[in-house]
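Just so you know, the protein sequences line up as chains L and E, in that order.
Under the working numbering, think of the first position of the first sequence as 1, with each following residue one higher.
Under the working numbering, think of the first position of the second sequence as 1001, with each following residue one higher.
Think of the hints as simulated: they come from the structure by calculation, not from any bench.
Watch out, some of these pointers could steer you wrong.
[What the hints assert, rightly or not] Dumping the calculated SDA-like pairs for lysine to any residue here, alpha-carbon to alpha-carbon at most 25 Å:
| id | chain 1 | residue 1 | chain 2 | residue 2 |
| --- | --- | --- | --- | --- |
| 1 | L | 73 | L | 19 |
| 2 | E | 1042 | L | 2 |
| 3 | E | 1042 | L | 115 |
| 4 | E | 1057 | L | 1 |
| 5 | L | 3 | E | 1046 |
| 6 | L | 73 | L | 2 |
| 7 | E | 1057 | L | 50 |
| 8 | E | 1042 | L | 100 |
Listed below are the residues making up each chain.
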Amino acid sequence: AQKITQTQPGMFVQEKEAVTLDCTYDTSDQSYGLFWYKQPSSGEMIFLIYQGSYDEQNATEGRYSLNFQKARKSANLVISASQLGDSAMYFCAMRLSGSARQLTFGSGTQLTVLP
Amino acid sequence: EPEVTQTPSHQVTQMGQEVILRCVPISNHLYFYWYRQILGQKVEFLVSFYNNEISEKSEIFDDQFSVERPDGSNFTLKIRSTKLEDSAMYFCASSDPVLTTDTQYFGPGTRLTVL
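Construct the complete structure from the given sequences, taking the supplied hints into account.
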């Protein structure tokens, strides 16, 4: 069974600085997708970025980038130029390819951006 | 931009009562999902639905749960006889498997409180 580990329950970053949120995963499958979601205090789950296991380039979406190291089974989220609105819970999730479409989530990292 | 909607945003019920949580997935999506998040914990998969039948379900999704697509737009989760431990945020999500990423987009959630 697949597993996602986020070892940082809480992180602090100064406004305008970059921050890296860690995510490691465990699967024996070769084909999978990795996702990051943001959950503000209002509760909704907002999709941020996707990385496929066969993608050769690290994914980027605006200020978000994914540092994908397949051999280490890590998919860290990098947020550049942090803003106060980035304060939220961040979840890493994985989906295997094929018929099993469920997302397996990590326990999340609470990010606080300091002014 | 199309989005997943959920009603109600909050639901309070007495233990043993039936509740129906409603979702309108993104219109051209084909897969629909329910997840739940107990307060302060990780997001857990409940069930996925495709072509008018359950595609996968987790151990959590026991006989007290059911899902239905009663018409062309709504997707519902019914909990027959609620228990205190069913108190959680329930998220509906949908995805388009034609897309390479097959990203699951989440609704804003329904917070269910069982008294």
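Okay, the hints, checked on the actual structure:
1. L:73 - L:19: 19 Å, holds
2. E:1042 - L:2: Measuring from Cα to Cα gives roughly 15 Å; hence the hint holds.
3. E:1042 - L:115: 28 Å, violated
4. E:1057 - L:1: With a Cα-Cα distance of about 15 Å, the restraint between residue 1057 of chain E and residue 1 of chain L holds, given a limit of 25 Å.
5. L:3 - E:1046: Holds - the C-alpha atoms of residue 1046 of chain E and residue 3 of chain L are around 16 Å apart, at most 25 Å.
6. L:73 - L:2: 12 Å, holds
7. E:1057 - L:50: 24 Å, holds
8. E:1042 - L:100: 19 Å, holds
In summary, the structure is inconsistent with hint 3 from the numbered list given earlier, while agreeing with all the others.
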